[in-house]
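2 protein chains.
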Amino acid sequence: MNIVLFDSNELDAGGIVSVRGRRAAYLSEVQGAEPGGILRVGEIGSKMGQAELLEVSSEEAVLKVLSLDEHSPETHTNLIIALPRPQMLKRILQNAATMGVNRIMFIRSARVIKSYFATPVLAEESIREHLLLGLEQGVSTKLPVVSVHDRFRPFVEDELPALSADSTVSLLAHTNASSDISELGLVEGLDSDSQITLGIGPEGGWQAHEVEAFENAGFLCCGLGARVLRVETAVVSLLGQIELLRKLQ
Amino acid sequence: MNIVLFDSNELDAGGIVSVRGRRAAYLSEVQGAEPGGILRVGEIGSKMGQAELLEVSSEEAVLKVLSLDEHSPETHTNLIIALPRPQMLKRILQNAATMGVNRIMFIRSARVIKSYFATPVLAEESIREHLLLGLEQGVSTKLPVVSVHDRFRPFVEDELPALSADSTVSLLAHTNASSDISELGLVEGLDSDSQITLGIGPEGGWQAHEVEAFENAGFLCCGLGARVLRVETAVVSLLGQIELLRKLQ
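Each protein sequence line maps, in turn, to chains A and B.
Taking our numbering, the leading residue of the first sequence gets 1, the next gets one more, and so forth.
Taking our numbering, the leading residue of the second sequence gets 1, the next gets one more, and so forth.
Keep in mind the hints are simulated off the structure, nothing from the lab.
Backbone N, C-alpha and C define an ideal beta-carbon position, used for all residues, glycine too.
Where hints are given, some of them may not hold.
Only part of the chain A face toward chain B is listed, based on derived beta-carbon distances under 10 Å [as the list claims (entries may be wrong)]:
hint, residue
1, SER140
2, LEU143
3, ASP180
4, ARG227
5, VAL228
Below, a list of computed lysine to any residue pairs in the SDA-like style, where the Cα atoms sit at most 20 Å apart [stated by the list, open to error]:
hint, chain 1, residue 1, chain 2, residue 2
6, A, LYS47, B, ALA226
7, B, LYS247, A, CYS221
8, A, LYS47, B, VAL228
9, A, LYS247, B, PRO161
10, B, LYS114, A, GLN31
Pulled out of the complex, with its shape left as it was, chain A reads as follows:
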């Protein structure tokens, strides 16, 4: 936990924050934080700063906010991911929040197992908890917006065109793509503010008609090299590559 995140309703008018549960237990038991210590804090959806720890136990930590004036790093990457199995879903939510994404859309595709949509990991509170774990690691206050789309066709027809139109580049990771991500001429066109949308398929890959639907919406297919990555590994590797492409001139 590299930042203590709190909700606006946990902050009182005198600048005192009281956090309970997991965050207090972590500060007290894992980090061994003690009263008087200065910690990095952030208001979820707003700014970051510093606070002094006034009291701490495994049930509750009370902090006095000293400053709250740093902007959270901006996010300009959207992820579209064929819904993976629940254990992998948890790690994807955390890693995506840590690495910084704007939106995550979990979608149905032919090779997605339908029962995955019934997992409790997709409950609103659960999604939020995994995203917060990721933000606490990555040091950010900006919760990605997560949506779940259990039908492929309506998603493609209703959401993809606007997403693609709003993006500088839209990429579809696809095992059989003829071009690698290094071959799409992306170095010149991208910078840190470019909106990028990235689609990542299920284990076993996208089906041909699904690839066609993305291509029709303006997505470029990109391969992932000779090796077959698990979905969660592909997410992290591609987010790392996109970050590098944004920075290279």
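Starting from the known structure of chain A, fit chain B onto it as the hints suggest.
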């Protein structure tokens, strides 16, 4: 499991391979493979090809090798990683094998918890099993060479100079580095055959004297951007970025 890997001693003179245990159970129970099916196979440390499944049960699968003439993708990246906690270690072994690395050196550093060196995950058979899981995912036969170094100074003095001398570039991932990996001018100098050595620190980072020891051996420090990544996330992100840098011209 995208390839069935076998040891040379599991292959008889008639080209018949018999695999037992986890691999047989996976083919039978998860993939529902049936006699007559054609599977991708590979001899560990040697070539890959195809085989016909002759018999399969959850205890044993018998395959007839049809071809064994494809080279495994080459690996030219070495990893030096401050030994992480055991659960993370497992995932790092798997992901590194999937993404393709040549050597992995787990080392002691000031912020590594000493008891981690006693974990059963570091037993030879355990390391091999996790690497094989990674190779089965990534489709390769080339086991990374793993070594464990429980003292920092002897590692730095005895191993680092030769590693650095054999590498086109040696990088040390470091939170406080003044340059990002995008700012080191690496696009021109690297291609798919370049030997690259990458050092990744513990949670909490390298100490100043450790950074100095790497720099004295010729390592360049590179930052990881505004966000703080977990070690296992940093490994995957950086391996993805290095693969991209090798391919960009």
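- Query: Which hint numbers does the structure go against, in order from smallest to largest?
  - Reply: 2, 9
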